[in-house]
Amino acid sequence: MTATLTDRYVWAAARSVPDAQRRDLERELRERIGDETDALLEQGASPDDAERAVLTELGDPVALAAGYVDRPLQLIGPRYYLTWWRLLKLLLVLVVPIAAVGVALGKAISGAPVGDVIGSAVVVSLSVVVHLGFWTTLVFAVLERTPTAEGKRGIDSLWTLDQLPATIEPARTSRLAELIAAVFFLLVFAAFLVWQQFGLPWVPQLEAVPLLDPALWSFWLPYFIGIIGLEILFAVAIFLLGWTWWLAVVNVLLNVAFTVPALWLLVEGRLVNPAALDAMGWPWGDAGPIVVTVTVVTIVGVALADVIDGFVKTWRAGRARRAAA
Amino acid sequence: MSTDDLTAGHLQELRRGTVVLACLIRLRTADYGYALLESLNALGITVDANTLYPLLRRLEKQGLLTSEWNTDEARPRKFYRTSPAGERLAEALTGDWKLIDAALARLTGDDS
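Residue numbers (numbering that gives the first Met the number 0), protein chains in the order written: chain A, 0 to 324; chain B, 0 to 111.
Worth double-checking, as some hints may not be accurate.
Said to hold, decoys possible - As a list, the in silico SDA-like pairs of lysine to any residue whose alpha-carbon atoms are at most 25 Å apart:
id, chain 1, residue 1, chain 2, residue 2
1, B, Lys77, A, Arg29
2, B, Lys77, A, Asp59
3, B, Lys60, A, Arg78
4, B, Lys77, A, Asp23
5, A, Lys312, A, Val95
6, B, Lys60, A, Arg144
7, B, Lys60, A, Val95
8, B, Lys77, A, Pro17
These aren't lab readings, by the way, just hints derived from the structure by calculation.
Only chain A is shown next, with the shape it has when bound in the complex:
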């Protein structure tokens, strides 16, 4: 016995609903298809044409069945969409950098080459992004399909006034606060570079010994202080002009100009004064490579964070300008 088109249609629709509702749905669909086919037959259509016309009109059987049993045809509907989106953004911003830095640090301490450290951090970041996206979405897709008790809300929280963003757009006042903070930090840093030449009074072993190699005064220390000067000018430019794409690129160049020579000198062993190392009893047993690694990761991390911060602020400023236009 060959199955008719109607049999196949009903089967396709019924298998997509829970067992408990299958039998009822089958009977209802057969009733509807039969009645609609009869109506066409009365108008003079052939049985084959009538059946085809009716089933075509009904459309995709799975979609039809979903309509009958009130099953959502979207992964995450409007009730949970915003909660899902906010949680996902929060998780990505928090977890991905922590995972990347953690892996980079672990790899670096174990003595892996630079390429391996960067490669592992990238691979782990990507897989963390995929996992966060997948599992978060899965939980919300399940919630979307879980009926909530009568008269109860789901886990979507009630919106309150407290959730309004603090400011409509980054105003000049917050830029002024950023300028003051940046200039203060840069001046303290420059002062430290000069001051360490005369020893660090709060470290007993270094009371009269320069921390950084005094040979660097011939070029590199003036160079770093020069870069700090440029950074101060840059902070003023940001205050006056706001973030633009070319200023974000300048920010990258300044970070590279500072970080790359600093790392190079550190790795070459030319950054720190040998006399200071002796005074501190370097290397501290097995801790030497770990301290160097943590220092390198910190320097790279700070520079990267600054570069990313610049681009994010540029993007936000662009968006605010477009919105205002």
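Put chain B on the given structure of chain A with help from the hints.
Below, chain B without anything else, positioned relative to chain A:
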């Protein structure tokens, strides 16, 4: 979107609730899906089969309609009937419908 589609969309929204009311009133005498569809359309209450069948199921789930399978004929048919709860809802909806009608009448009266 053309003006016709726009009009059709708004008309559909305006009529959505009235189909529920029409079903509740019409099903004071029990009937099955296709007959209900035909009689509503004959009365000028246009409703699509893809809307009506799922709607009947939903109203039954909400306790506003009761149903019973009639297997006397060759083709088994599900007969729906308005429940007491459905009757009360029909009264409330009818009352509201009259209020809206009166309000709209006042609104158009002010214009002229």
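Each hint tested on the structure:
1. B:Lys77 / A:Arg29: Status holds; Cα separation ~11 Å.
2. B:Lys77 / A:Asp59: holds, 23 Å
3. B:Lys60 / A:Arg78: Distance ~22 Å between Lys60 of chain B and Arg78 of chain A Cα, so the pair holds.
4. B:Lys77 / A:Asp23: holds, 10 Å
5. A:Lys312 / A:Val95: Given that 25 Å is the threshold and the Cα spacing comes to 19 Å, the pair holds.
6. B:Lys60 / A:Arg144: With Cα atoms ~17 Å apart, Lys60 of chain B and Arg144 of chain A stay inside 25 Å; holds.
7. B:Lys60 / A:Val95: Violated, because 46 Å separates the two Cα atoms, which is more than 25 Å.
8. B:Lys77 / A:Pro17: Roughly 20 Å between the alpha carbons, so the hint for Lys77 of chain B and Pro17 of chain A holds.
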